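Since the structure of chain C is provided, determine the placement of chain X on it from the hints.
Residue numbers (this note's numbering), protein chains in the order written: chain C, 1 to 234; chain X, 1001 to 1034.
In short, the hints are calculated from the structure, not lab data.
Fair warning: this is a prediction, and the values are worked out from it, not measured in the lab.
All clues stand as given, with none of them false.
Across the chosen pairs, the derived CB separations fall in these ranges:
(1) Ala29/C - Ser1031/X: 31 to 39 Å
(2) Ala29/C - Ala1006/X: 18 to 26 Å
(3) Ser1027/X - Trp231/C: 20 to 28 Å
(4) Glu232/C - Ile1010/X: 38 to 46 Å
Glycine residues also receive a C-beta, built at the ideal position from the N, C-alpha and C atoms.
Okay, here's what each chain looks like letter by letter:
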Amino acid sequence: MSDSDGVLLARLERWRRPLGVVLALLVLAYALSVWTAPIDRVQGVIQKILYVHPPLAYGAYLGFVLTALGGALYLWRGRDAWDHLAMAGAEVGVIFCTLMMVTGPIWAKGTWGHWWSWDPRLTLTLLLWFVYASYLLLRGFTEGAERTARFAAIYGILGTLLVPLNYFVIELFQGRSMHPENLSRGSLGSGMGWPFLVGNLTLFVAFVYCVLLRWEVELRRARLALRADAWEGA
Amino acid sequence: MSYALAAYAITAGTLGFYLWLLHRERSRLASLDR
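Okay, chain C solo, but in the shape it has when bound (with noise of 0.2 Å):
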């Protein structure tokens, strides 16, 4: 590990820990805020899945989309710190993925009647999970080796090529897609509007503590296996 890495190290410790303050006091207000939300008139309590189920979805483009930021990076700069990141990204990612779609089924069983349809945001948000967990056990059978880092990167740089698509693909469908219509300015109902803030907002930072701490861990890893190779080489 080099000087570098032990800085990179410290900034996110010290950046992680407020975070964490802030988080939990989010946490609350998000509580608080979804409890005294309005009830939907015509869906009911269930439409108060909107709070968690959309911010869900926009952690997991991002996580996919640092995915290959941090494999960019990698391939531009060779600093395997920028793997470790792509690699943070894409198992928050992944994680905020499989809970959009569980979130999405039981919103769906409540208000549709059933739990999938093989609707077309729905498919290619399987897709995009299946992607993403496949990026995942590519790096879990494959450790440290240079060759499946340089190819994980080109990887999770194709594969986010899935992101936009997936989020205009209802727009791409016009009209035939079962799922809702993404969100836009004024199509949230009355007193509807903060608690979506907030929802968003919170599990954004979730979302960064998440990824900051799993980087953390990614690196400490390296440290100490590079400090074990070097005691065996001695």
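Same frame as chain C, but now just chain X:
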């Protein structure tokens, strides 16, 4: 009510458990690094 509650409980439980696992691993690695 139960559907919405289930969605929030699963999200909070999963993210809480994941954070706990990460913190535990970080502490273990930090103790080895001393």
